[in-house]
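Trainee: Now for the letters of each chain:
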Amino acid sequence: MSIKLNALFSDSYVDISQYRDQHFKGNRYEQEKLLKQSCTLYVGNLSFYTTEEQVHELFSKSGDVKRIIIGLDKVKKTACGFCFVEYYTRADAENAMRFINGTRLDDRIIRTDWDAGFKEGRQFGRGKSGGQQHNTSVKTSRSPRAFSCFPS
Amino acid sequence: MSRRRHSDESDAGSQPHKRRRTSEPIEIEDRLESLICRVGEKSTSSLESNLEGLAGVLEADLPNYKSKILRILCAVARILPEKLTVYTTLVGLLNARNYNFGGEFVEAMIRQLKETLKSNLYSEALYLVRFLSDLVNCHVIAAPSMVAMFENFVSVTQEEDIPQVRSDWYVYAVLSSLPWVGKELYEKKDVEMDRLLNQIEGYLKRRQKTHVPMLQVWTAEKPHPQEEYLDCLWAQVQKLKKDRWQERHILRPYIAFDSVLCEALQHNLPPFTPPAHSDDAVYPMPHVVFRMFDYTDAPEGPVMPGSHSVERFVIEENLHCIIKSHWRERKTCAAQLLSYPGKNKIPLNYHIVEVIFGELFQLPGPPHIDVMYTALLIELCKLQPGSLPQVLAQATEMMYMRLDTMNTTCIDRLINWFSHHLSNFQFRWSWDDWADCLTQDIEKPKPKFVKEVLEKCMRLSYHQRIVDIVPPSFTALIPANPVCSYKYGDEADSSLPGLAMTTTVGNAIKNRASNEEILIVLKDVPNPNQDDDDDEGDGFNPLKIEVFLQTLLHLAAKSSSHSFSALAKFHEVLKTLTDSDEGKLHILRVLYEFWRNHPQMISVLVDKLIRTQIVDCAAVANWIFSPEMAHDFTRFYVWEILHSTIRKMNKHVQKIQKELDEAKVKLEKQQNKKQRDSGDEEDMEKNSEDEEGQLEEQIERLQEKVESAQSEQKNLFLVIFQRFIMLLTEHLVRCETSGIDINTTWYKNCIERLQQIFLMHHVIIQQYMGTLENLLFTAELDHHILTVYQQFCALHL
Numbered sequence: 001m002s003i004k005l006n007a008l009f010s011d012s013y014v015d016i017s018q019y020r021d022q023h024f025k026g027n028r029y030e031q032e033k034l035l036k037q038s039c040t041l042y043v044g045n046l047s048f049y050t051t052e053e054q055v056h057e058l059f060s061k062s063g064d065v066k067r068i069i070i071g072l073d074k075v076k077k078t079a080c081g082f083c084f085v086e087y088y089t090r091a092d093a094e095n096a097m098r099f100i101n102g103t104r105l106d107d108r109i110i111r112t113d114w115d116a117g118f119k120e121g122r123q124f125g126r127g128k129s130g131g132q133q134h135n136t137s138v139k140t141s142r143s144p145r146a147f148s149c150f151p152s
Numbered sequence: 001m002s003r004r005r006h007s008d009e010s011d012a013g014s015q016p017h018k019r020r021r022t023s024e025p026i027e028i029e030d031r032l033e034s035l036i037c038r039v040g041e042k043s044t045s046s047l048e049s050n051l052e053g054l055a056g057v058l059e060a061d062l063p064n065y066k067s068k069i070l071r072i073l074c075a076v077a078r079i080l081p082e083k084l085t086v087y088t089t090l091v092g093l094l095n096a097r098n099y100n101f102g103g104e105f106v107e108a109m110i111r112q113l114k115e116t117l118k119s120n121l122y123s124e125a126l127y128l129v130r131f132l133s134d135l136v137n138c139h140v141i142a143a144p145s146m147v148a149m150f151e152n153f154v155s156v157t158q159e160e161d162i163p164q165v166r167s168d169w170y171v172y173a174v175l176s177s178l179p180w181v182g183k184e185l186y187e188k189k190d191v192e193m194d195r196l197l198n199q200i201e202g203y204l205k206r207r208q209k210t211h212v213p214m215l216q217v218w219t220a221e222k223p224h225p226q227e228e229y230l231d232c233l234w235a236q237v238q239k240l241k242k243d244r245w246q247e248r249h250i251l252r253p254y255i256a257f258d259s260v261l262c263e264a265l266q267h268n269l270p271p272f273t274p275p276a277h278s279d280d281a282v283y284p285m286p287h288v289v290f291r292m293f294d295y296t297d298a299p300e301g302p303v304m305p306g307s308h309s310v311e312r313f314v315i316e317e318n319l320h321c322i323i324k325s326h327w328r329e330r331k332t333c334a335a336q337l338l339s340y341p342g343k344n345k346i347p348l349n350y351h352i353v354e355v356i357f358g359e360l361f362q363l364p365g366p367p368h369i370d371v372m373y374t375a376l377l378i379e380l381c382k383l384q385p386g387s388l389p390q391v392l393a394q395a396t397e398m399m400y401m402r403l404d405t406m407n408t409t410c411i412d413r414l415i416n417w418f419s420h421h422l423s424n425f426q427f428r429w430s431w432d433d434w435a436d437c438l439t440q441d442i443e444k445p446k447p448k449f450v451k452e453v454l455e456k457c458m459r460l461s462y463h464q465r466i467v468d469i470v471p472p473s474f475t476a477l478i479p480a481n482p483v484c485s486y487k488y489g490d491e492a493d494s495s496l497p498g499l500a501m502t503t504t505v506g507n508a509i510k511n512r513a514s515n516e517e518i519l520i521v522l523k524d525v526p527n528p529n530q531d532d533d534d535d536e537g538d539g540f541n542p543l544k545i546e547v548f549l550q551t552l553l554h555l556a557a558k559s560s561s562h563s564f565s566a567l568a569k570f571h572e573v574l575k576t577l578t579d580s581d582e583g584k585l586h587i588l589r590v591l592y593e594f595w596r597n598h599p600q601m602i603s604v605l606v607d608k609l610i611r612t613q614i615v616d617c618a619a620v621a622n623w624i625f626s627p628e629m630a631h632d633f634t635r636f637y638v639w640e641i642l643h644s645t646i647r648k649m650n651k652h653v654q655k656i657q658k659e660l661d662e663a664k665v666k667l668e669k670q671q672n673k674k675q676r677d678s679g680d681e682e683d684m685e686k687n688s689e690d691e692e693g694q695l696e697e698q699i700e701r702l703q704e705k706v707e708s709a710q711s712e713q714k715n716l717f718l719v720i721f722q723r724f725i726m727l728l729t730e731h732l733v734r735c736e737t738s739g740i741d742i743n744t745t746w747y748k749n750c751i752e753r754l755q756q757i758f759l760m761h762h763v764i765i766q767q768y769m770g771t772l773e774n775l776l777f778t779a780e781l782d783h784h785i786l787t788v789y790q791q792f793c794a795l796h797l
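Quick mapping for you: the protein sequence lines, in order, are chains A and B. If you read the first sequence in UniProt numbering, its first letter stands for residue 1, the second for the next number, and so on. If you read the second sequence in UniProt numbering, its first letter stands for residue 1, the second for the next number, and so on.
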């Protein structure tokens with residue numbers, strides 16, 4: 001009774017993509033292992049004006065969100081269209097990949113992908129001018145929020 | 001760096017390809033699996049010729065791969081019920097070619113049926129029974145032996161001291177197979193079948209239906225009664241019998257092969273005794289059939305089968321099965337739903353929308369996570385842009401019209417679905433069509449629904465957006481601008497207590513003061529409550545909490561991350577200030593005061609306060625039921641907070657229980673290892689004894705932790721239920737003495753929120769039923785409140 005019929009019930013929305021972080025400290029195998037266990041998602045194609053609260057509202061639909069880190073332009077330190085969403089459980093993150101990836105937030109179709117895990121520094125864009133590598137975010141009339149850190 | 005090509009990886013939505021270089025048995029097995037699984041899908045050849053071809057291939061492979069083929073066929077019978085008749089035909093053809101194989105398959109199926117019943121896999125068991133019954137149509141199983149199995153099933157209704165849900169299942173298994181095999185069984189054994197149906201009728205008349213009101217989506221009988229599932233199926237079977245078992249909807253490929261199948265020898269099912277009831281059996285809960293459409297709703301095209309037609313039953317069953325098979329892949333699921341065989345004869349879009357909402361609104365809970373249904377409906381709209389959005393809009397309009405009688409829990413889900421759906425379609429909606437809600441009291445279901453939807457829409461966008469999308473007449477329903485309310489700001493009255501201190505505290509925070517330094521600064525804050533003999537000033541001081549927290553939250557108001565950092569940095573201060581129950585309650589009050597226009601912030605900060613153990617779950621419950629929160633008591637966000645709090649408590653208990661179980665397993669392994677290794681050197685024995693001792697200590701600690709957590713959990717539910725009882729009793733007594741009707745809008749909301757606690761946490765609450773019955777839900781309680789408890793109990797009877 002244990003036969004699973006792999007040919008039929010694929011779960012492809014949860015599969016890892018082809019992307020690998022070039023700055024990852026470790027080899028491909030280690031990175032893939034982390035990706036397959038990860039509870040953290042990279043979220044791309046956000047509007048520059050999308051707030052942490054909006055991200056929280058949307059991604060809470062697949063489970064309790066542990067934390068959100070908004071991606072920043074390395075130079076300007078303003079939001080530049082991506083973020084990380086970390087869940088408490090893998091199952092919740094998988095449901096986000098299945099049902100939130102490819103739907104809209106702030107009228108833009110957002111893209112989610114597995115992330116090996118947030119490390120300090122990874123919130124900064126790696127594009128030449130300081131923003132995302134692949135920047136298709138369009139500015140509208142709202143002004144982007146500047147993220148100064150809370151004094152600690 | 002490896003340059004290996006990942007040829008096995010797939011992009012979202014496409015199937016993985018397996019390409020191997022050598023032809024090994026494992027490749028052939030995979031191929032067999034693939035062939036069997038894919039038969040019946042879109043093909044250039046007819047289904048009949050595909051089945052014929054496949055039967056030939058499998059017959060040839062039987063000598064070498066018989067057990068694999070048996071296992072695959074048993075699996076598809078169990079988990080692909082939407083393709084039932086395709087596979088029964090296949091088995092029929094194989095049986096005609098190889099009688100022994102047919103016999104072995106039937107035996108394997110019976111074994112599987114026993115296993116699924118013992119493992120509480122009742123849906124799968126149901127599909128197996130249905131499969132077996134359809135095998136009668138394929139001349140694999142002799143009709144009299146099937147009737148005998150059904151007789152054994154129905155005799156479960158004569159068992160004593162069993163839960164009703166047990167006999168329910170066996171009756172359901174018989175009735176739900178009749179659309180497929182009723183005709184054949186009646187032709188061969190009409191006397192026995194009549195007797196069977198009479199017994200079933202008698203059972204259905206005497207069974208309890210206390211649970212039904214708790215499971216209905218709408219309380220009104222019109223336009224569509226929300227029928228109990230067995231009652232509905234019985235009516236459908238009765239109608240089918242009246243129509244002399246003529247059933248025209250089910251696709252029956254075996255008819256084309258009648259001449260071949262007729263020649264086959266049939267097998268007799270071995271006598272099957274249902275496994276006896278045991279205490280750890282978990283039977284399926286009863287449910288109510290969700291109906292929102294009838295033949296008047298589809299304006300043109302094919303007519304929708306009536307609510308008591310067996311076609312309706314079969315269509316709904318198959319659509320539910322498709323969702324069950326493909327819910328993880330929304331594109332595939334949508335495509336499979338839309339390519340339902342026989343779709344040209346039915347208003348398929350209406351059936352799909354009805355089945356999806358039926359699942360979304362199912363009580364106690366939907367079979368799959370709520371957000372799946374939103375994503376699925378979006379995919380369906382993409383695939384049928386010319387027709388499905390209109391049906392969806394029609395459905396939304398209908399549900400809006402019937403909000404007055406809709407269960408509050410279902411309204412919650414509707415709010416979440418509708419706002420999320422709108423956010424994917426630029427919030428385009430004909431709000432003016434709903435202008436009737438503007439003249440109603442704002443607490444009434446319709447304006448309340450619109451208000452809550454707009455609040456959720458705002459959370460997914462921003463305030464000005466909401467102002468822009470609704471007509472000006474809807475201003476009263478627009479949510480408040482989500483800004484903070486700092487009471488010590490520039491406009492504060494100079495006589496406000498603590499005002500001067502806020503500047504001091506604020507500066508201290510900005511100058512990166514430590515927790516100790518802040519506590520020292522706060523010593524100067526007078527305590528409005530206390531007498532002078534409390535020198536230390538360590539007791540509960542509401543003003544200290546206000547001054548500190550308001551200032552802190554104000555400095556950190558920029559985003560939730562800023563607020564989280566602030567709470568983390570001054571965790572010690574907060575812990576100290578909220579050492580007592582009063583302190584915990586007050587911090588929640590202050591938080592609410594500050595963020596009362598931004599419920600989402602209240603929500604995330606309450607979550608943080610619980611997780612960092614500044615407040616406990618019971619404090620949150622007491623705060624929600626406190627008089628200060630009375631005016632927000634019917635707002636959706638308040639209940640989201642309460643349910644989230646309960647869930648955190650439940651997860652906490654589960655987590656420690658898991659740690660305890662893992663430690664116990666470890667200890668067992670250690671002890672087994674010791675037994676095997678005994679006789680080894682002294683050192684090793686000593687080490688393993690130490691380890692064992694440590695584990696035993698750990699287990700003892702964890703055991704205590706579990707007991708303490710469970711006690712906290714039980715206490716949380718007691719607090720909640722107690723507060724509900726107090727509130728509701730107050731209302732009922734007040735109405736009685738003043739001669740007013742008890743059924744106010746507030747009362748309906750409150751009593752359904754009580755119901756919701758039971759429904760959303762029924763598994764956990766079951767553990768504490770004894771305590772609940774002894775302490776709270778006693779016979780002295782007002783019967784309106786007691787009924788809710790009794791309905792809940794009836795769910796598991």
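I should point out that these hints are in silico values taken from the structure, not numbers from a laboratory. Treat the hints with caution; some may be incorrect.
Said to hold, decoys possible - In silico SDA-like links for lysine to any residue, alpha-carbon gap of 20 angstroms or less:
no., chain 1, residue 1, chain 2, residue 2
1, B, 669, B, 698
2, A, 66, B, 647
3, B, 66, B, 38
4, B, 655, A, 77
5, B, 658, A, 92
6, B, 558, A, 69
7, B, 648, A, 19
8, A, 66, B, 564
9, A, 76, B, 564
10, B, 651, A, 91
11, B, 608, A, 69
12, B, 558, A, 104
13, B, 558, A, 91
14, B, 608, A, 63
15, A, 77, B, 38
16, B, 651, A, 86
17, B, 658, A, 69
18, B, 558, A, 78
19, A, 66, B, 650
20, B, 444, B, 564
21, B, 382, A, 51
22, B, 608, A, 77
Said to hold, decoys possible - Computed footprint of chain A on chain B; a stretch qualifies when at least three of its residues, placed anywhere within it, have a C-beta under 8 angstroms from a C-beta of chain A:
no., stretch
23, 284 to 294
24, 458 to 468
25, 736 to 747
What the hints assert, rightly or not - Restraint ranges, calculated between C-beta atoms of paired labels, are given here:
no., chain 1, residue 1, chain 2, residue 2, range
26, A, 117, B, 571, 21 to 27 angstroms
27, A, 117, B, 303, 54 to 60 angstroms
28, B, 499, A, 108, 43 to 49 angstroms
29, B, 745, A, 74, 51 to 57 angstroms
30, B, 31, A, 26, 36 to 42 angstroms
31, A, 66, B, 766, 28 to 34 angstroms
32, B, 571, A, 121, 36 to 42 angstroms
33, A, 26, B, 280, 34 to 40 angstroms
34, B, 767, A, 111, 57 to 63 angstroms
35, A, 91, B, 696, 30 to 36 angstroms
36, A, 74, B, 671, 53 to 59 angstroms
37, B, 745, A, 124, 50 to 56 angstroms
38, B, 658, A, 108, 56 to 62 angstroms
On a predicted model such as this, the values are computed, not experimentally measured, just so you know. From the three backbone atoms N, C-alpha and C, an ideal C-beta is built for every residue, glycine too.
Trainee: Now, for every hint given, state plainly whether the structure supports it.
Mentor: Hint check results:
1. 669/B x 698/B: Within the cut-off at roughly 15 angstroms; holds.
2. 66/A x 647/B: holds (15 angstroms)
3. 66/B x 38/B: Within the cut-off at roughly 19 angstroms; holds.
4. 655/B x 77/A: violated (39 angstroms)
5. 658/B x 92/A: Holds: residue 658/B and residue 92/A sit about 19 angstroms apart, inside 20 angstroms.
6. 558/B x 69/A: holds (14 angstroms)
7. 648/B x 19/A: violated (34 angstroms)
8. 66/A x 564/B: holds (11 angstroms)
9. 76/A x 564/B: Given that 20 angstroms is the threshold and the Cα spacing comes to 23 angstroms, the pair is violated.
10. 651/B x 91/A: holds (14 angstroms)
11. 608/B x 69/A: With a Cα-Cα distance of about 16 angstroms, the restraint between residue 608/B and residue 69/A holds, given a limit of 20 angstroms.
12. 558/B x 104/A: Status violated; Cα separation ~25 angstroms.
13. 558/B x 91/A: Given pair residue 558/B, residue 91/A is violated - Cα atoms ~31 angstroms apart, limit 20 angstroms.
14. 608/B x 63/A: Cα-Cα ~15 angstroms, so holds.
15. 77/A x 38/B: Violated: residue 77/A and residue 38/B sit about 53 angstroms apart, past 20 angstroms.
16. 651/B x 86/A: Holds, because 18 angstroms separates the two Cα atoms, which is no more than 20 angstroms.
17. 658/B x 69/A: violated (30 angstroms)
18. 558/B x 78/A: holds (14 angstroms)
19. 66/A x 650/B: holds (17 angstroms)
20. 444/B x 564/B: It is violated: about 36 angstroms lies between the C-alpha atoms, which goes past 20 angstroms.
21. 382/B x 51/A: With a Cα-Cα distance of about 28 angstroms, the restraint between residue 382/B and residue 51/A is violated, given a limit of 20 angstroms.
22. 608/B x 77/A: violated (26 angstroms)
23. 284 to 294: Since three or more residues must qualify, the claim that chain A covers the stretch 284 to 294 of chain B is violated, with 0 doing so at under 8 angstroms.
24. 458 to 468: Per the Cβ count (4), the hint holds.
25. 736 to 747: Coverage by chain A is violated here, the residue count being 0 at a Cβ distance below 8 angstroms.
26. 117/A x 571/B: 21 to 27 angstroms: Hint holds: Cβ distance 24 angstroms, inside 21 to 27 angstroms.
27. 117/A x 303/B: 54 to 60 angstroms: Given range 54 to 60 angstroms: holds, Cβ gap about 56 angstroms.
28. 499/B x 108/A: 43 to 49 angstroms: Between residue 499/B and residue 108/A, where Cβ atoms are some 44 angstroms apart, the hint holds.
29. 745/B x 74/A: 51 to 57 angstroms: holds (54 angstroms)
30. 31/B x 26/A: 36 to 42 angstroms: At roughly 38 angstroms between Cβ atoms, residue 26/A and residue 31/B fall inside 36 to 42 angstroms, so the hint holds.
31. 66/A x 766/B: 28 to 34 angstroms: Check passed, 30 angstroms falls within 28 to 34 angstroms.
32. 571/B x 121/A: 36 to 42 angstroms: violated (25 angstroms)
33. 26/A x 280/B: 34 to 40 angstroms: violated (45 angstroms)
34. 767/B x 111/A: 57 to 63 angstroms: violated (43 angstroms)
35. 91/A x 696/B: 30 to 36 angstroms: Check passed, 32 angstroms falls within 30 to 36 angstroms.
36. 74/A x 671/B: 53 to 59 angstroms: holds (56 angstroms)
37. 745/B x 124/A: 50 to 56 angstroms: Holds: the Cβ-Cβ distance is about 52 angstroms, inside 50 to 56 angstroms.
38. 658/B x 108/A: 56 to 62 angstroms: violated (39 angstroms)
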